[in-house]
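Novice: Chains as they are written, first to last, in our numbering: chain A, 1 to 220; chain C, 1 to 137.
Hints are computed from structural coordinates only; laboratory data are not their basis.
Quantities reported herein were computed from a predicted structural model and do not represent experimental measurements.
In this text, a Cβ means the ideal position worked out from N, Cα and C, and glycines have one as well.
A portion of the hints provided could be inaccurate.
Each computed PhoX-like pair below joins lysine-lysine, with the alpha-carbon atoms no more than 25 angstroms apart [to be verified]: (1) Lys-9/C / Lys-214/A; (2) Lys-16/A / Lys-26/C; (3) Lys-6/A / Lys-97/C; (4) Lys-127/C / Lys-108/C; (5) Lys-127/C / Lys-96/A; (6) Lys-4/C / Lys-55/A; (7) Lys-4/C / Lys-214/A; (8) Lys-103/A / Lys-127/C; (9) Lys-108/C / Lys-97/C; (10) Lys-97/C / Lys-213/A; (11) Lys-61/C / Lys-74/C; (12) Lys-55/A / Lys-9/C; (13) Lys-4/C / Lys-97/C; (14) Lys-26/C / Lys-96/A; (15) Lys-142/A / Lys-161/A; (16) Lys-55/A / Lys-78/C; (17) Lys-155/A / Lys-110/A; (18) Lys-74/C / Lys-26/C; (19) Lys-213/A / Lys-30/C.
Interface residues of chain A toward chain C, partial, derived using beta-carbon atoms under 7 angstroms [what the hints assert, rightly or not]: (20) Cys-41; (21) Ser-44; (22) Thr-46; (23) Glu-54; (24) Arg-179; (25) Ser-181; (26) Gly-182; (27) Phe-186; (28) Met-190; (29) Leu-193; (30) Leu-194; (31) Ala-196; (32) Val-201; (33) Gly-204; (34) Tyr-212.
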Amino acid sequence: MDNDIKQTIQDLVLAKDLLERYVGHGSLSFDEKKTLWRIFCQHSNTDQLVDEAEKAAHNNIDELYNETQTLLVKAQELVNLFRSSQEVLSSFSTQKDCDSYLKPFYDAKKKAEQEAQEAYQDYLPLYHQYDNWGYMNDDSEKEEYEKLGLEHDIKKALYDKLHAEAVRLNDVYMAELRRLSGLMYFEVSMLKLLAANMVIVAQGILADIESYKKEGNYGN
Amino acid sequence: MATKQIIRKESKHTYLHLAYCMKLYKVCNKVLFKWMDDLDFMNLMNLRDTIDPVEVMSGKKGHVYYLLYVISEKLLLKEWLASEWIECVLERCNLKKESYYSHYTDVKNSRDDGDIEFREAIAEAIKEAENSKDYYE
Numbered sequence: 001m002d003n004d005i006k007q008t009i010q011d012l013v014l015a016k017d018l019l020e021r022y023v024g025h026g027s028l029s030f031d032e033k034k035t036l037w038r039i040f041c042q043h044s045n046t047d048q049l050v051d052e053a054e055k056a057a058h059n060n061i062d063e064l065y066n067e068t069q070t071l072l073v074k075a076q077e078l079v080n081l082f083r084s085s086q087e088v089l090s091s092f093s094t095q096k097d098c099d100s101y102l103k104p105f106y107d108a109k110k111k112a113e114q115e116a117q118e119a120y121q122d123y124l125p126l127y128h129q130y131d132n133w134g135y136m137n138d139d140s141e142k143e144e145y146e147k148l149g150l151e152h153d154i155k156k157a158l159y160d161k162l163h164a165e166a167v168r169l170n171d172v173y174m175a176e177l178r179r180l181s182g183l184m185y186f187e188v189s190m191l192k193l194l195a196a197n198m199v200i201v202a203q204g205i206l207a208d209i210e211s212y213k214k215e216g217n218y219g220n
Numbered sequence: 001m002a003t004k005q006i007i008r009k010e011s012k013h014t015y016l017h018l019a020y021c022m023k024l025y026k027v028c029n030k031v032l033f034k035w036m037d038d039l040d041f042m043n044l045m046n047l048r049d050t051i052d053p054v055e056v057m058s059g060k061k062g063h064v065y066y067l068l069y070v071i072s073e074k075l076l077l078k079e080w081l082a083s084e085w086i087e088c089v090l091e092r093c094n095l096k097k098e099s100y101y102s103h104y105t106d107v108k109n110s111r112d113d114g115d116i117e118f119r120e121a122i123a124e125a126i127k128e129a130e131n132s133k134d135y136y137e
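Sequences and hints are given; from them, build the entire structure.
Specialist: In structure tokens:
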């Protein structure tokens, strides 16, 4: 990332735009909700931002001051949006979106499991018959034994194939579930904490710059 | 010559990730603490001044100790600050550190239903926060 502060400002503006749309329309798309989650995850640890500010302070302290002022304004605007629209924003949820997204993966896995189960039930009697052939019959029925063996192999191959597909689709479903579990637990009020934290950090950076300049350090 | 530090890091540290702050706030507000704003809970956990004074509910000191113990054991972003962090939070809650060090494992080892329920609620909140703090494409 070229500049953490610039990127943070852009994302705070984006978060505010999206939340204002939610307040106005009562809904956001799945991808827009994911964007809000991404913004929270990407910026929730401000230590990196502070490190970046320290570097920037030695390169161009005036530019850092201006950027930090913008950051403070944008973060404060987001906090204010939460204050003014707390009730509407409290209805924000990602659970239904995640359920809808996961449903096709879940349905595909269940269908494959059902098909594999049916193939297994179809194959099981033949397996027992084939396995017990030696005890139940004599060599004179060799031709019938071979025919049974062929039928057994075909049904086993079908079951193995369907079972492997069920396992594959279960893995796909579980991977999607894991990928989205964070979004399921994401709450929009986390962004309020993020913005409030940014306000504190930005105020601190501005105060540090002002104090540095008061000490007579104007150069870089 | 060493470069002079301009931006002081200490006052801007995030000690507890915001996802934990939010999830634990939901378990603790009006249960361990008299009503507090979620931003104040974040401030408390990150050793910043709170807007309103923090008030621990009557009979809940043990649960506060357990909360601080669990956070300091595995959730703090700077592990080496654990004891200092605990003592700063205790001070903000008007709780004595001597009492904390005598009782911080009481709830952990308790078989009381209320304590078990509280431990489970904290564990669930931590699990949810753990899940929600990392983004996957």
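Novice: It remains to establish, for every hint, whether it holds in the given structure.
Specialist: Do the hints match the structure? See the list:
no. : hint                  : in the structure
1   : Lys-9/C / Lys-214/A   : 19 angstroms, holds
2   : Lys-16/A / Lys-26/C   : 24 angstroms, holds
3   : Lys-6/A / Lys-97/C    : 42 angstroms, violated
4   : Lys-127/C / Lys-108/C : 18 angstroms, holds
5   : Lys-127/C / Lys-96/A  : 20 angstroms, holds
6   : Lys-4/C / Lys-55/A    : 11 angstroms, holds
7   : Lys-4/C / Lys-214/A   : 15 angstroms, holds
8   : Lys-103/A / Lys-127/C : 23 angstroms, holds
9   : Lys-108/C / Lys-97/C  : 18 angstroms, holds
10  : Lys-97/C / Lys-213/A  : 40 angstroms, violated
11  : Lys-61/C / Lys-74/C   : 20 angstroms, holds
12  : Lys-55/A / Lys-9/C    : 12 angstroms, holds
13  : Lys-4/C / Lys-97/C    : 36 angstroms, violated
14  : Lys-26/C / Lys-96/A   : 21 angstroms, holds
15  : Lys-142/A / Lys-161/A : 28 angstroms, violated
16  : Lys-55/A / Lys-78/C   : 21 angstroms, holds
17  : Lys-155/A / Lys-110/A : 21 angstroms, holds
18  : Lys-74/C / Lys-26/C   : 19 angstroms, holds
19  : Lys-213/A / Lys-30/C  : 45 angstroms, violated
20  : Cys-41                : 4 angstroms, holds
21  : Ser-44                : 5 angstroms, holds
22  : Thr-46                : 5 angstroms, holds
23  : Glu-54                : 4 angstroms, holds
24  : Arg-179               : 5 angstroms, holds
25  : Ser-181               : 5 angstroms, holds
26  : Gly-182               : 5 angstroms, holds
27  : Phe-186               : 5 angstroms, holds
28  : Met-190               : 5 angstroms, holds
29  : Leu-193               : 4 angstroms, holds
30  : Leu-194               : 6 angstroms, holds
31  : Ala-196               : 5 angstroms, holds
32  : Val-201               : 5 angstroms, holds
33  : Gly-204               : 5 angstroms, holds
34  : Tyr-212               : 5 angstroms, holds
Checked against the numbered hints given earlier, this structure breaks hints 3, 10, 13, 15, 19; the rest are met.
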